[in-house]
Amino acid sequence: MQVNESKPLNIKNWSPEDRPREKLLLKGISALSDAELIAILLGSGTTTLSAVDLAKKVLSGANNNLHELARLSVKDLMKIKGIGEAKAISIVASLELGRRRKELDEEEKPRITSSRSAYEQISSHLIDLPHEEFWIILMNRANRVVKKVQISQGGVAGTVADPKIIFKVALEHLASGLILAHNHPSGNLTASQADIDLTKKIREGGKLLEIQLLDHIIVAGQKYFSFADEGLL
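Its first residue numbered 1, the sequence shown is counted upward by one per residue in full-length UniProt numbering.
By construction, these hints were calculated from the structure, which means they are not laboratory data.
Incorrect hints may appear among the rest.
Said to hold, decoys possible - With a Cα cut of at most 25 Å, we get these calculated DSS-like pairs of lysine-lysine:
hint, residue 1, residue 2
1, Lys223, Lys148
2, Lys207, Lys147
3, Lys164, Lys207
As the list claims (entries may be wrong) - Label-pair ranges, simulated between beta-carbon atoms:
hint, residue 1, residue 2, range
4, Arg101, Thr46, 24 to 32 Å
5, Lys75, Gly231, 37 to 45 Å
6, Leu171, Lys79, 40 to 48 Å
For every residue, glycine included, the Cβ atom is placed at its ideal position computed from N, Cα and C.
Using the sequences and the hints given, assemble the complete structure.
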């Protein structure tokens with residue numbers, strides 16, 4: 001019998017230990033590749049692609065980078081041939097669950113001791129966004145996180161943060177310390193003049209209200225810019 005090598009083998013004909021679901025049961029979830037995990041979410045492939053091959057196609061469209069995949073919307077994913085609305089929603093929902101799990105409150109509020117720890121606290125809110133958002137991290141006297149609050153949402157090029165709203169929120173939560181944070185979807189790590197001016201306003205206003213501005217973090221993908229580290233406070 002002649003085998004058509006151009007057509008992928010049906011996943012049902014694979015060895016049980018190579019099928020994603022069966023492999024998970026036999027070897028544990030850590031044994032699965034990213035593509036195999038996504039294949040489980042997809043549930044099925046197409047007439048010419050197995051679920052795993054389709055998952056590899058999805059990953060390829062995000063440069064095989066899960067962070068880039070998390071930035072894609074349902075509409076973005078649906079542009080990939082073989083990905084319909086239901087499959088796209090499954091992928092987006094699973095990545096959002098991962099983000100939310102990371103953000104679950106710990107029994108003891110985390111303590112911010114450096115710009116890196118500040119970035120780690122806020123990055124999941126900002127890292128995958130196609131638009132700019134402005135957040136604040138409120139802290140008590142021990143520099144433990146009291147609350148993270150979104151102040152504004154803008155477009156690709158910028159967002160407006162009103163100092164009055166920032167201080168209103170900080171006072172409502174009796175914060176002793178404050179960290180500003182926003183993202184640059186472009187990946188540019190340079191602080192704009194508007195960023196610098198706003199930081200100065202918040203620093204000076206905080207002195208009057210006894211709310212110390214500890215840092216201003218600009219999130220640009222996997223990297224960040226810290227005003228404190230750069231001596232701009």
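We went through each hint and held it up to the structure:
With a C-alpha separation of about 20 Å, the suggested pair Lys223 and Lys148 falls inside the 25 Å cut-off, and the hint holds. For the hint linking Lys207 to Lys147, the alpha-carbon distance of about 20 Å falls within 25 Å, and the restraint holds. For the given pair, Lys164 sits about 14 Å from Lys207 by alpha-carbon distance, which is consistent with the 25 Å threshold. A hinted range of 24 to 32 Å holds for the C-beta pair Arg101 and Thr46, which are about 31 Å apart.
Separation of Lys75 from Gly231 is about 43 Å and conforms to the stated range, judged on CB atoms against 37 to 45 Å. Between Leu171 and Lys79 the beta carbon distance is about 46 Å. The supplied range of 40 to 48 Å therefore holds.
Checked against the numbered hints given earlier, the structure satisfies every one of them.
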